[in-house]
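K.L.:
Below are the chains, spelled out letter by letter.
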Amino acid sequence: MADETTTPPAPDAPSPKPAPAVKAVSKPAAAAAKAASGNDAKLAGRTTTAAARPKKSTAPDDTSPLMGRRSWMGLAWGAFTAASAGCLAATGRFMFPNVLNEPPQQIVVGFPDEYGDGVDERFKDQNGIWVVRTENDYAHETSGFYALFSVCTHLGCTPNWLSAENKFKCPCHGSGFRPTGINFEGPAPRPLERTRIVLAEDGQILVDKSRKFQEELGGWVDPESFLPI
Amino acid sequence: MPDTKTLEPKAPALIRAWDWITETQIWTSIFRHTAPINDRNRVLVMLSNVFLHMHPVRLRKSGVRLRYTWCMGGISFFLFLVLTFTGLLLMFYYRPTLEYAYSDIVGLREHVPLGIMREMHRWGAHAMVITVWLHMFRVFMTGSYKPPREFNWNVGVIMLVLTLLLSFTGYLLPWDQLAIWAITVGSNMARATPFLGHEGPGASMMALGDVQLVHIADDARFALLGGTIVGEGALLRFYVLHCVGLPLVIGFLMAIHFWRVRKDGGISGPL
Numbered sequence: 095m096a097d098e099t100t101t102p103p104a105p106d107a108p109s110p111k112p113a114p115a116v117k118a119v120s121k122p123a124a125a126a127a128k129a130a131s132g133n134d135a136k137l138a139g140r141t142t143t144a145a146a147r148p149k150k151s152t153a154p155d156d157t158s159p160l161m162g163r164r165s166w167m168g169l170a171w172g173a174f175t176a177a178s179a180g181c182l183a184a185t186g187r188f189m190f191p192n193v194l195n196e197p198p199q200q201i202v203v204g205f206p207d208e209y210g211d212g213v214d215e216r217f218k219d220q221n222g223i224w225v226v227r228t229e230n231d232y233a234h235e236t237s238g239f240y241a242l243f244s245v246c247t248h249l250g251c252t253p254n255w256l257s258a259e260n261k262f263k264c265p266c267h268g269s270g271f272r273p274t275g276i277n278f279e280g281p282a283p284r285p286l287e288r289t290r291i292v293l294a295e296d297g298q299i300l301v302d303k304s305r306k307f308q309e310e311l312g313g314w315v316d317p318e319s320f321l322p323i
Numbered sequence: 003m004p005d006t007k008t009l010e011p012k013a014p015a016l017i018r019a020w021d022w023i024t025e026t027q028i029w030t031s032i033f034r035h036t037a038p039i040n041d042r043n044r045v046l047v048m049l050s051n052v053f054l055h056m057h058p059v060r061l062r063k064s065g066v067r068l069r070y071t072w073c074m075g076g077i078s079f080f081l082f083l084v085l086t087f088t089g090l091l092l093m094f095y096y097r098p099t100l101e102y103a104y105s106d107i108v109g110l111r112e113h114v115p116l117g118i119m120r121e122m123h124r125w126g127a128h129a130m131v132i133t134v135w136l137h138m139f140r141v142f143m144t145g146s147y148k149p150p151r152e153f154n155w156n157v158g159v160i161m162l163v164l165t166l167l168l169s170f171t172g173y174l175l176p177w178d179q180l181a182i183w184a185i186t187v188g189s190n191m192a193r194a195t196p197f198l199g200h201e202g203p204g205a206s207m208m209a210l211g212d213v214q215l216v217h218i219a220d221d222a223r224f225a226l227l228g229g230t231i232v233g234e235g236a237l238l239r240f241y242v243l244h245c246v247g248l249p250l251v252i253g254f255l256m257a258i259h260f261w262r263v264r265k266d267g268g269i270s271g272p273l
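Sequences listed follow chains A and B, in order.
Just remember that the working numbering sits 94 ahead of the position in the first sequence, which is counted from 1.
Just remember that the working numbering sits 2 ahead of the position in the second sequence, which is counted from 1.
So that you can see chain A by itself, here it is in the shape it has in the complex (with noise of 0.2 Å):
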């Protein structure tokens, strides 16, 4: 490319310029001899024309001021290249939308008041998660509130709540969990999770399912995973 723009301001060295020329012209008139000794003489026939006309019509193309044949194709793949390689990042974009039309994951379930002691379902079916206010809990030994993600800790079913038996119970393999999350009865290796709960600006609770404690990392200690009141 630089060599070619160069070159055309300086009418009196043509050197670089021919000699491609002569190349081209002389490697077709080579690829026809070569041919025409071979054995498809039709073929020949027809490369023996293409390479003689080159001649007289392909040297005023590779004598263009901006480009020569060979870099405009160059260009033109490149660009072609480009495009494509544009395309196809453009549609792996298209695959991931700009708005989700999910649960959000911060939920307000209203004022500490307004609940009893045990498991609240009301937030399950929408957020997955209970909201339980307790007398004494398991890891703080003090009342207050935690949330549970409802996501049972064997294969991830929704296990539910059986209050006459005051246990979560898992439908699809019959884990058992404690109102506390922890796993006793079924094939659960590890106790249900909790999320972030603290209480916002207004006085309403705030479960934040961004964050998640799990008690066999130690995570139910951290003040954030229960609420006390």
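Derived by calculation from the structure, the hints in this document are not laboratory data.
Possibly wrong hints are sitting among the right ones.
Claimed, not checked - Estimated spans, in silico, between C-beta atoms of each pair:
id : chain 1 : residue 1 : chain 2 : residue 2 : range
1  : B       : R97       : A       : A177      : 26 to 36 Å
2  : A       : T185      : B       : D178      : 44 to 54 Å
3  : B       : V251      : A       : A177      : 26 to 36 Å
4  : B       : A37       : A       : G180      : 22 to 32 Å
Computed from a prediction, not measured in an experiment: that's the story for all the values here.
In this text, a Cβ means the ideal position worked out from N, Cα and C, and glycines have one as well.
Fit chain B to the given chain A structure using the hints.
P.N.:
Chain B alone, transformed into the frame defined by chain A:
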């Protein structure tokens, strides 16, 4: 052997790496022949590659003359590929139900990056209807419907109808007022189907004694709409036809069409 090798100058590392790669079983199983530098290899490469074998090894000069073919068949096929690809992407977001259909179409413009994807599908569809007609016009004007190409002409006519049906079924999917009433009007034509439409000629003859066999809830229009009005059933039926049924049929016919073009003497030349 080793002694003679040491005498030769070693090729550069890149060349040797290239040689090694091109000698692996994986490489040789994909690229069966060397570069198409002579007639024999050109034939071998073309015939052993599923994508290339659709092209002729040789073609008449007139076959690439734009003024003769207008490239309308090729452009129609290209548009079909564009529509298949963009349509596939739209299916990731569009749900064919009364609750979501319209809002998903709006979401495809507002909530999804590259909001022109749906427009590309739409404009591509308009363009394909036009290019298919122009292709037919060109084939007619050049007399390319004459034997031995009369079979392919008929395949083409069926594909023209399928193109229009694809356009028609896609028309309903945005589920806006224009779509619903256009399909209401369009499908009302099926009421007048002879014998099979409940308002069509001969429908009243389709009776066993006092029992009418063809009525509004079992005629041709009902089969099309999956109901007596353009409702949920129609949306789902049109969606399935648009995305799966009709493309399958037209794809099958395209394979036959291209095959027959080759077998009936290639792209037809000037008379």
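K.L.:
It remains to establish, for every hint, whether it holds in the given structure.
P.N.:
Hints versus structure:
no., hint, result
1, B:R97 <-> A:A177: 26 to 36 Å, "32 Å, holds"
2, A:T185 <-> B:D178: 44 to 54 Å, "26 Å, violated"
3, B:V251 <-> A:A177: 26 to 36 Å, "33 Å, holds"
4, B:A37 <-> A:G180: 22 to 32 Å, "30 Å, holds"
Comparing the model with each earlier hint shows a violation of hint 2 alone; every other hint is respected.
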